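Trainee: The primary structure of each chain is shown beneath.
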Amino acid sequence: MEITEKEIKHLASLSRLQFNDEEMTKIANDMSSIVNYVDQLQKVDTSNVKDNTTIREFEELREDVVKDSLSNDEIVGNAPKKLNGYFIAPTVVE
Amino acid sequence: MEYDVVIGLEVHSELKTNSKVFCSCKNEFGGEPNTHCCPVCIGLPGALPIPNKEAVKMTIKAGLAVGSKINDIAIFERKNYFYPDLAKAYQISQAVRPICVGGGVEIEDANGQKKFIRLNRIHLEEDAGKLIHNPKIGGTMIDYNRGGVPLIEIVSEADMSSAEEAVAYLAKLRNILQYIEVSDCKMEQGSLRCDVNISLKPKGSSVLGVRAEMKNLNSFRSVTRAIEYEIKRQSRLLDEGEEVVQETKRCDDAINRSFSQRRKEDAQDYRYFPDPDLLPFRIERSLVEEVKKTMPKLREEKIRDYVDNLGLSEYDASVLTNDLNLVKYFDKVISYFNKPKFVCNFILTTLLKKVKEEDEADLVVPISAENFANLLSMYESGQISQAICRELFDEIWETNEDCKKLVEERGLKQNNNEDEIKVMVEALINEFPQSVADYKAGNTKALSFFIGQLMKRTQGKANAQIASKLIKDILDK
Numbered sequence: 000m001e002i003t004e005k006e007i008k009h010l011a012s013l014s015r016l017q018f019n020d021e022e023m024t025k026i027a028n029d030m031s032s033i034v035n036y037v038d039q040l041q042k043v044d045t046s047n048v049k050d051n052t053t054i055r056e057f058e059e060l061r062e063d064v065v066k067d068s069l070s071n072d073e074i075v076g077n078a079p080k081k082l083n084g085y086f087i088a089p090t091v092v093e
Numbered sequence: 000m001e002y003d004v005v006i007g008l009e010v011h012s013e014l015k016t017n018s019k020v021f022c023s024c025k026n027e028f029g030g031e032p033n034t035h036c037c038p039v040c041i042g043l044p045g046a047l048p049i050p051n052k053e054a055v056k057m058t059i060k061a062g063l064a065v066g067s068k069i070n071d072i073a074i075f076e077r078k079n080y081f082y083p084d085l086a087k088a089y090q091i092s093q094a095v096r097p098i099c100v101g102g103g104v105e106i107e108d109a110n111g112q113k114k115f116i117r118l119n120r121i122h123l124e125e126d127a128g129k130l131i132h133n134p135k136i137g138g139t140m141i142d143y144n145r146g147g148v149p150l151i152e153i154v155s156e157a158d159m160s161s162a163e164e165a166v167a168y169l170a171k172l173r174n175i176l177q178y179i180e181v182s183d184c185k186m187e188q189g190s191l192r193c194d195v196n197i198s199l200k201p202k203g204s205s206v207l208g209v210r211a212e213m214k215n216l217n218s219f220r221s222v223t224r225a226i227e228y229e230i231k232r233q234s235r236l237l238d239e240g241e242e243v244v245q246e247t248k249r250c251d252d253a254i255n256r257s258f259s260q261r262r263k264e265d266a267q268d269y270r271y272f273p274d275p276d277l278l279p280f281r282i283e284r285s286l287v288e289e290v291k292k293t294m295p296k297l298r299e300e301k302i303r304d305y306v307d308n309l310g311l312s313e314y315d316a317s318v319l320t321n322d323l324n325l326v327k328y329f330d331k332v333i334s335y336f337n338k339p340k341f342v343c344n345f346i347l348t349t350l351l352k353k354v355k356e357e358d359e360a361d362l363v364v365p366i367s368a369e370n371f372a373n374l375l376s377m378y379e380s381g382q383i384s385q386a387i388c389r390e391l392f393d394e395i396w397e398t399n400e401d402c403k404k405l406v407e408e409r410g411l412k413q414n415n416n417e418d419e420i421k422v423m424v425e426a427l428i429n430e431f432p433q434s435v436a437d438y439k440a441g442n443t444k445a446l447s448f449f450i451g452q453l454m455k456r457t458q459g460k461a462n463a464q465i466a467s468k469l470i471k472d473i474l475d476k
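Listed in order, the protein sequences are those of chains A and B.
Counting in numbering that gives the first Met the number 0, the first sequence runs from 0 upward without gaps.
Counting in numbering that gives the first Met the number 0, the second sequence runs from 0 upward without gaps.
Chain B on its own, in the form it takes in the complex (with noise of 0.2 Å):
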């Protein structure tokens, strides 16, 4: 049987303020276990939590990115439940009245089309503490650095259908939550994470069919992963006429495999209830507007700004702004260096290739952004060839040592003599004749051999248009 897929996320985002959600420890990735934590953080009794403005407002800025409705009066819950992660057993989190309502992004579907996925809401809430699954000791080991760190759940309605458009609009999220610097969104570290709800119903139906949970999916892949396997899963038990239960998986990022956690007969039942001791909030449409000033410019506004006065193409800029480092590091190797097309154009052909082989995600660019403006000023400009500045640059992005030096020490600045050039390619002629009987007979690969025999004979350092030019008017005459 042929069935509608239904899917809707909750992508969690930690955002990168000073200081944790409801208290003065530091907000940080890492750190030595346990060394930023207070009595509010571990939940001991009596402490006293206070929430944060700056998280207060990020989680604002985020709404309003997203065109969600801002709550005037805001509440902060308790979420009851028992795992270690959470020394206070309940989470701070927000269920009533979240700080943002409504919203939505738009994506494009397999066919290209613009699709509106509506958002429920964002909330805050604080994130939990990381566990550590130890079977040598028998044990759990538990670091509560990362516990009350500023947390935002933003909860999509089960407006997508595929796991192409549950990625494009996670995609999408990151890519807005990241412009707007409310997140570092790095999801190898856990700073952007997922929970996937998907069913599946016969095909036009309008009965919602049982769903399925998977949580704490860390990467595009994983999502796309958990989705395809739901949908194979549900499909066969529907097609055999057996039931589909309700559950909850679990993706452990310390186990690296997802169990079932847990099954409707025991769901988890949060008994939510506003927190005494944090009271109801007020938001002023004056903190609103304040939030608005500082919103960046995103995406779109990014390549109008690279086509109409950089002259780049749609598509150029469209490649770039996928990812707000990369538009800052263009923008400071352009600061150096202002030939924006030409520096796209290595990006988009060679330095992003190379992110791409390391990470699917998260991109970061090693080289400094003046090294690597040297470097394509130097190639730019004839004074290394494109072999060159290739080796470079694979060289530089492992040590990021300064080209122009590496270039002075090994004497590999390129050869533009013409007479030089003129000289070996003259040599190789003579010592390839059935190269040259190839090449007259039409075979274009035969200049592309000399080129290479040339380039192994200097080190790659001869000006390959200028030996190109010369063999054909050689060979051509």
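In isolation and in its complexed conformation, chain A is listed as follows (with noise of 0.2 Å):
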């Protein structure tokens, strides 16, 4: 299966990520071949093989008990922009 520069754009666009022609061209072939040996895989008879997937019990879950939070210094203190303990984000509505 061909992923196109298309789909490259889309995923890009919904991901925030920007590249240029050439970037796209190489990613697109990647990720063609990333998905064309996932379907190999997928060809492979499983049928037999147990499934073998990890199941956590409920009671391994958490309690619902509170334990400290980290101080508002804490949280904020490496964000690039920052008042009054909000983080500070560009506009998103228009």
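Source of the hints: derived by calculation from the structure; they are not laboratory data.
Please note that the accuracy of each hint is not assured.
To be verified - Derived contacts from chain A toward chain B, CB cut-off under 8 Å, selection only:
#1 K8
#2 L13
#3 L16
#4 F18
#5 R55
#6 E56
#7 D63
#8 V65
#9 K66
#10 V75
#11 G84
If you're wondering where the values come from, they're calculated on a predicted model, not measured in any experiment.
Ideal placement from N, C-alpha and C gives every residue a C-beta, glycine not left out.
Build the complex: two chains, separate frames, hints provided.
Mentor: Here you go:
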């Protein structure tokens, strides 16, 4: 199966990434060979292989107990832009 | 042309666990920004989410309450999208194997007919952070306290066909979630909100129309408005032979308007995949049975209880049980003052009016149950008049001051002394001969006039029943 440049463009926009034409071609080729490899794997007959998905038991989940959070300084400390304890991000609504 | 309206709802409800769904930070509304946060809920690399048992149990409980099937194995998946309300660039949610599948609730349609609204699923996910758009600083302020709060999404089938049905469905779900105590369902705080999907098709046609989705509606009114608007817009387009474009509109609480978020060309493609940080987990039958045992009485049972054991009418019991907060309040009040019918009457005639003035969805009574019980008890036993009772009720609604103390301090006790009232009544009759004439001519308003005058002179303290009887006795002679 071939991954087209159009699909890469779509994925790039969903992931907020930008590529130039040269990169686009290279990534499309790489992605195609990855998907082809997966296609090849899917052809392997696994009908006799036992499903060995690990399932977590309910008892292994977390009790509903509150523990200390980090301080506001620690949380926003590394943010490039902050104000009064908030993170500041570029405007998201027009 | 006439169209059939097809509506489906996705209802989001925050669970009231102590801690968040995948980390141990506090689950609490509000708080100083970014103070209930840790590496897990702000999505730092390497942080490992672990599901909260209680959140899973509450989801199962919600499912059981609406007749869903509980899956024996559930899977958390990543729903990928870029928006700053989620720091990880994905939301942990469920897709192929949610905790609950199917079920449904019954509502009444416009003709009072029972209608069953089917559910597709209920899944558990994490809530996103809160964004405040601030043009002054040229940016968006982000508070991740809400990020990671457990959220269930209840997805209906597209079984509704009007705004009324959508609201009835939402009200029913809200009532159930409240009764089973998994969510506060405070719409104005966003702990209950919904997305509406709506499409139109020619009447009788089996071909589905193109749908529009309105996200993030947080009141019954906004749901009604959104649906009515969409019906108008889409039927106008279809009438003119134009195409309805699939789109998503977001009602943004921060800017209080709705705007088209995305069109089909750039429709979100969430690229769900199983979250490698979270293994599929098992839900044993024994766990489901354990949750079943904690299921409280739902509304229908409570109505039966009130009718059979307290002697309330079917109608009164039904109004009273519409909101669990009111049920709890009522139960508490009658534990202090055991006259259920009397208490219920006052609540239905006076208290609910007050609540409606203040807020449409979230019922909070600011008077303590004991204080309210005392007020009603004084009124019922004739210690205070109806007028004084109403006045005090209005006052303590604001202050919750001890009503007994107020009655003592201000000398508001009702005058039940027939001799004293008689003197005053006679004085009034002498003073207003015209009203006497009116009364004798059969004008019943004249009686109300006398009572009104009497109340004015006694600051509402005279016993109106005694006065009314005396006036009639004198004038009918």
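Trainee: All the hints need checking, so say for each whether the structure fits it.
Mentor: Hints, verified against the model:
Taking 8 Å as the C-beta contact cut-off toward chain B, the hint placing K8 (chain A) at the interface is violated, the least distance being around 11 Å. A distance limit of 8 Å between C-beta atoms decides the matter here; for L13 (chain A) the minimum to chain B is near 6 Å, and the interface restraint holds. A cut of 8 Å between beta carbons decides the hint on L16 (chain A): the least distance to chain B is about 10 Å, and the hint is violated. With a cut of 8 Å, the hint placing F18 (chain A) at the interface with chain B is violated, because the nearest CB-to-CB distance is about 16 Å.
At about 4 Å, the closest approach between the beta carbon of R55 (chain A) and any beta carbon in chain B falls short of 8 Å, and the interface hint on this residue holds. Annotation: interface hint on E56 (chain A) holds; nearest CB of chain B at approximately 6 Å, less than 8 Å. Checking D63 (chain A) against chain B: minimum C-beta separation of about 4 Å stays under 8 Å; hint holds. The beta carbon of V65 (chain A) is positioned within 8 Å of a beta carbon in chain B (closest approach about 5 Å), and the interface hint is therefore held.
Evaluation of the K66 (chain A) hint against chain B yields a held restraint, the C-beta minimum of about 4 Å falling below 8 Å. Because the closest C-beta pair between V75 (chain A) and chain B is about 6 Å apart, less than 8 Å, the hint holds. With a least beta-carbon distance of about 4 Å to chain B, the hint placing G84 (chain A) at the interface is held under the 8 Å criterion.
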